[in-house]
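Q: Fit chain to chain and form the complex, with the hints in mind.
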Amino acid sequence: MLTQTDSELGRSLMTERGMQWLYAHGSDPHSVLLRAEDENRGALLERLHELGPLQRSRNGAWVTGDFLLGHEILHDRRITPGTPDDAADGHELRRRVALLGLPEEARERPWTGSERCPDGGAVEHACADGLERIGDEFDLVTDLLRPVMIAIVGDLHRVPEADRAAFSRFCTAAAPVLDARLAPPRLARARAVIDAVDGLESLLRKLPGADDDHIAATTVSCLVGVEVAVDLVANAVQALLDHPVAWRTLGEDPAFAGRVVEETLRHDPPIRLESRIARTDLELAGQPIDAGTEVVVNVEAANRDPRRGADLDRFDPFRTPPAAHLSLTGAPYLDAVAPLARTSAAAMLRVLAIRCPRIRRRGPVVRRLRAPVTHAITRLPVTA
Amino acid sequence: MRVLMTSLAVEAHFNNTVPLAWALRAAGHEVHVASHPALTEIITRAGLVAAPVGTDHTHHELVRELGAELTGFYRDIDFTGERGGGYTELKGANTLLTATFYAQANNDSMVDELVDYARFWEPDLVVWEPFTFAGAVAARATGAAHARLLWGPDLFLQTRQTFRRQTDLLPEELHDDALEEWLSWTLDRFGCAFDEEVVTGQWNIDQMPRSVRLDLGRPSVPVRYVPYNGPSVIPQWLRTPADRPRICLTLGITSRDLPYPNMVSVDQLFESVAGLDAEIVATFDAGQLAESTRLPDNVRVTDFVPLQALLPTCSAVVHHGGVGTWSTAAVSGVPQLVVAGMWDNVYRARRLADLGAGIFLPPHELTAAALRDGLEQLLTKPSFREESHRLQAEILAEPSPGAVVPVIEEMTGRHRRPRPGSR
Chain A
1 MLTQTDSELG RSLMTERGMQ WLYAHGSDPH SVLLRAEDEN RGALLERLHE LGPLQRSRNG
61 AWVTGDFLLG HEILHDRRIT PGTPDDAADG HELRRRVALL GLPEEARERP WTGSERCPDG
121 GAVEHACADG LERIGDEFDL VTDLLRPVMI AIVGDLHRVP EADRAAFSRF CTAAAPVLDA
181 RLAPPRLARA RAVIDAVDGL ESLLRKLPGA DDDHIAATTV SCLVGVEVAV DLVANAVQAL
241 LDHPVAWRTL GEDPAFAGRV VEETLRHDPP IRLESRIART DLELAGQPID AGTEVVVNVE
301 AANRDPRRGA DLDRFDPFRT PPAAHLSLTG APYLDAVAPL ARTSAAAMLR VLAIRCPRIR
361 RRGPVVRRLR APVTHAITRL PVTA
Chain B
1 MRVLMTSLAV EAHFNNTVPL AWALRAAGHE VHVASHPALT EIITRAGLVA APVGTDHTHH
61 ELVRELGAEL TGFYRDIDFT GERGGGYTEL KGANTLLTAT FYAQANNDSM VDELVDYARF
121 WEPDLVVWEP FTFAGAVAAR ATGAAHARLL WGPDLFLQTR QTFRRQTDLL PEELHDDALE
181 EWLSWTLDRF GCAFDEEVVT GQWNIDQMPR SVRLDLGRPS VPVRYVPYNG PSVIPQWLRT
241 PADRPRICLT LGITSRDLPY PNMVSVDQLF ESVAGLDAEI VATFDAGQLA ESTRLPDNVR
301 VTDFVPLQAL LPTCSAVVHH GGVGTWSTAA VSGVPQLVVA GMWDNVYRAR RLADLGAGIF
361 LPPHELTAAA LRDGLEQLLT KPSFREESHR LQAEILAEPS PGAVVPVIEE MTGRHRRPRP
421 GSR
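Protein chains in written order, with the numbering used here: chain A, 1 to 384; chain B, 1 to 423.
One thing to keep in mind: the hints can contain errors.
Stated by the list, open to error - Quick look at which bits of chain B chain A covers, simulated, 3 or more residues with Cβ under 8 Å: (1) 59–72; (2) 168–182; (3) 294–302.
Claimed, not checked - Straight-line distance between alpha carbons at most 20 Å, and here's what the computed DMTMM-like set of lysine to aspartate or glutamate pairs gives: (4) B:Lys-91 / B:Glu-69; (5) B:Lys-91 / A:Glu-39; (6) B:Lys-91 / B:Asp-168; (7) B:Lys-381 / B:Asp-344; (8) B:Lys-91 / A:Glu-16; (9) B:Lys-91 / B:Asp-195; (10) B:Lys-91 / B:Glu-173; (11) B:Lys-381 / B:Asp-303; (12) B:Lys-91 / A:Asp-38; (13) B:Lys-91 / B:Asp-112; (14) A:Lys-206 / A:Asp-195; (15) B:Lys-91 / A:Glu-37.
If you're looking for bench data, these hints aren't it; they were derived computationally from the structure. Here the structure is a predicted model, which means the values were calculated and not measured. Beta carbons are placed, not taken as given, at the ideal position from N, Cα and C, and that holds for glycine.
Same shape as in the complex, but just chain B (with noise of 0.2 Å):
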């Protein structure tokens, strides 16, 4: 069958998506990515077929133009559904969110061109990074099947939910979906009409361990969650084993290009690992470290190295919580120290931390003392390696995505919308 896969340009959203692609290229399938020509060249290193649509989004502009205005306002909003805002704060996120976020990364451009891409290739499936809603739209327009890739426990959805719910409730003059809004003069251009089933996918594939996914009554694939960190090389030093106890300390790659404010500085890093007995990977880029004073002598700087080679070498990783960095490690079975305040990352934090399998520190506590401390309490407390290893099989006893393709072959058939002149 034809799979048309599609991400927002933002790579650690798309290096989600990638062992997926390979497991269906190897089973056989055709497999094309679609996304903004400013992804092109990181779909093609990843060995895909890239079909670039549209003009490139400009979500990035606008966070740096509004700056901490807007990055706090989407901090403040609640991704855990825990603190009960309410819905006029779950009506603010849906209108901010969509003005700014989804209709942004699916820009119109982007959206006719994957239309006019799906129109023209006609595939069985479309596979869609859970915000690029472009691929639910151009699956509508064609009739192909669709299915959201989740890298992520669902709360979007979750909240999702909770809204329409709540909206349900009001008479209906005052219904204010901005997201249904904008899907829906989208939908229009291709003669197509809204409904949920172009937020929810026709069924997600899941790449959360059991224990971290939300069931939301949606029909789901789990799929074993496979690292994919980008073009890789083994450095040299990572072919010895270390002679301390090995501590990485990651911020992740996303916040190097996007202007999505840091939780904790490089300094802040440096100072809770200075004379610690300990052998310390610090990944930072030239602009990362620019932000530093002070470089302890135990610690050891590279640009990049891949986290699937390095986090099996280590005893702890801290870092800010993004979601690669987090299934990384756990796939690695390594304890973490999550610095999280932002998006779906406060969510896993605590998770992880309800598991006992890290440790959560939110922005206002945060201080070096508290991450050293923190530290310490990894590499001192056996728990956290046991319950670490636990996620870790969990994981690890999941499909993998080769084992879920002829799932997703069959899913397609039952909900793919037969052809004009096939059978």
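Extracted from the complex, chain A is given alone in its bound form (with noise of 0.2 Å):
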């Protein structure tokens, strides 16, 4: 139950996020993008290569853009999800969202395996009357992907039609929730996602079998799982409008898609930090780090270590072999997810190359604000 008043937890909202500003004001890269606003992304990363494997950045974490120590962090069990220890001063948001810290369990249990993830077949199907329905001058991200994941996500988990419509709200609202853990979001929408959330779980216990290991997984599949569905096509449809063979490439081989899905994992990660608690005193690239600490990885920079090979600032779908990644790799939560995630961004993104060839721009891209883990394109207008 939410006891926080607006006063209370706006005010520890904006004092955040001051200190946000505050410490992006040095030259701490970690701080500039968690501050999230017009930043340079392609320097402050390099910027972050250069300073070394682990630095510590000036809200107290630790920070890795380097691949091989990004892996060994993403896979160490020591380190997991969560809130820091010492959160007990945070805003109520913040314990909300830690729902992300699903427990080592979930890995396997607790859903049979057509839960975890849908059928190619039916999320082309899907997108496909998706585009029949909207014209042919339409909002990529709002009319088409969004609804469509949440339909998929929705028949995934057996939601009754009459709880549709609450579903749909309460999946849109709650989107910005990867975010909101490490940017508190303006008052309002800090509201809309504790609401949204609270709302999807109430709605979720009451499907047959609801325990309480499923409902948690089964909220993270319909948080995370259509957040990076989302975002995984956007970001892929945003490169690849600059890269028309590509496109062509992709209407004529439907193989193609798999290719495309691992490249902008890659270059756009839709999850581009991965934030973790260290629960034990542990050493980390030669340096002690104490238990309750956070420590982060930037999946972004890691998947463009200069040390990896050259080049790898490019987005190119063509790469030969493909270039490795640490996207959505490394957690439970993300285990629950990435099936679900690569079937659907791949199936869609077949179905919209086949069908929209011409596909071209038709306004501004407008992100998310506060969005330093997504940094998700939330309107991509298009003209098919």
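A: And the structure:
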């Protein structure tokens, strides 16, 4: 239950956001990326690499943009998602979105295989249906990707028809949840996220066979799965709009969609920052890390680690062999959504490339406010 | 009528509201001054009636805690709007100032008790210091008229207007105005909604001379700046004319108690005047004096002397650019050497230099030699004195606080929401 008044919650969000602006005034690249305002991302990621494998950010977090160290951290079971131990003074939103600290058991349990991932053909069908309904001029994100994904995930978890409108509303309003973990939203948006997460949980609780683990995992599937799939496709289309050859290839060769998905995951990851907490005292890159400290993998930077190869700053789905990346790995909550996101994204991209061979931008791209984690495209107006 | 005046608990800000409070009182109006408890004694020593509200604000502790990181950010804020830093810079300043200053200095308990007091006392008019938004909230909650009493050029509103104009060009979901957000949930506690008038006041009462004032298209009542420097006694040494040119060195009162960095060190000031054939009066307290390593023999140090008595006897003044010092020097017709690097101080210093009534020395050009060179120019070039006199005459030509009382009465009548039960 939420007990903070608007003035209390608002003040704590405002103060935390103020500190993000303050810290970003210094030269620490992670602080500037957390502020997420009009930054020169390329230069900041480069700076992160220059500074070495592991640095302490102004907010106390240890940050890496190094591929190998990032891989080590993401797969170290002593370093897990969640909130810092000293988060007692944090605002309620922070505690609410801690749900992403899904327990280890959720990796395998509690879903049967069919709940984990939709059938690609079903997604293609839904996407084609969606396209039929919206005509030639539409917003890729709000008119197509998000409604389609919400319907797919609603089917996956067998949300009853009567609850679908509410389900859709909750999934849409909760979209900033990944970003809210690292950047305090504005008060109204924080309230909307909290209400949507609560609403979604109580809706899922009514489903047959719902125990706590099942509800937790399904909530993650609805919140993170939808968001990651939508962002992934939007990022891919945004990149492909400037790569007509790749778009044409995608239309001619359905198998190429897998390449596009992996290159997008690498170059424009839907989750750019993976924040973890060290649960014991440990050592990383020769540096002692205290238990309770935040450790952040800048996945975007790690995926472009210059020590792994030249040219990794460039989006190129024709790369042979494809370049390795750290996106969507190393946490139960990611394992729970990765197959869903990959399958859905590839299917939607296939349909788009076939149905809209001459797709082009119709207006400016809008990205979500205060979105250091997703840098999400929230509007992408196109002409098919 | 009943006039509730309010200022956050910073003495230099409050002092600028005192002469108008006296004028309203002398015209027969009831005047109460509401502020944090920390200001109570300072209010009563000015002969005014204090209404302490809430608990003391913690802005100063925050500045102390965050130190140079925070003051460094403040210092880089472009209050002049001339650097053209772009939207991100405007948004950053708005976000950080709201979080660390406006909402700290107008803490919830202070706002709530101010509203309570206004509901109890039912003022016709609330006059608020420009960063004491609690005054506008109290007026909104009670239907009182409200005016913003400007003590400096309205750089705050100029910046804000630019920020709002640029925000309006963005899609709705990208609007991110921390000041509006904070005031919205604050007003919501009293069942009121935000609009920009809570930030601008219904009108301004503007104490800046015409050539320094900014016209931002808001209704404005110009009023002469009348110095109030705090409780004042004329010392013996100030009762005889100086036999050499007299120069005042001061860093104001605010930096004595607050952890804001000085742009210039006491030693630099002393070094710049050492050996000068002049009588130097330095208004430093023990803490400031402790920073110095050498006291030149031509310097008289005094903890406090009312600038309105000292400056008319001076040939020049060297200071940090604070508004009280700047305005008292301007109304005294004294050429000023201003070492300004923060807040609105920079704009005022630059305007002064543009007008030829003084010299602006930005911190990066600051050396003892540059200070001394500037001082010598002020003392030897007659144009500085002439232009200072011109500025003084401009200020004295404005209507006095007493003379604008009828205008304020009329404005109040026009803006006040009729009370239930009255005709």
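Q: Compare the structure with each hint and give your call.
A: Verification of the supplied hints:
| no. | hint | verdict |
| --- | --- | --- |
| 1 | 59–72 | holds (count 4) |
| 2 | 168–182 | holds (count 7) |
| 3 | 294–302 | violated (count 0) |
| 4 | B:Lys-91 / B:Glu-69 | 18 Å, holds |
| 5 | B:Lys-91 / A:Glu-39 | 14 Å, holds |
| 6 | B:Lys-91 / B:Asp-168 | 13 Å, holds |
| 7 | B:Lys-381 / B:Asp-344 | 27 Å, violated |
| 8 | B:Lys-91 / A:Glu-16 | 15 Å, holds |
| 9 | B:Lys-91 / B:Asp-195 | 18 Å, holds |
| 10 | B:Lys-91 / B:Glu-173 | 15 Å, holds |
| 11 | B:Lys-381 / B:Asp-303 | 30 Å, violated |
| 12 | B:Lys-91 / A:Asp-38 | 11 Å, holds |
| 13 | B:Lys-91 / B:Asp-112 | 27 Å, violated |
| 14 | A:Lys-206 / A:Asp-195 | 17 Å, holds |
| 15 | B:Lys-91 / A:Glu-37 | 10 Å, holds |
Checked against the numbered hints above, the structure violates hints 3, 7, 11 and 13; every other hint is satisfied.
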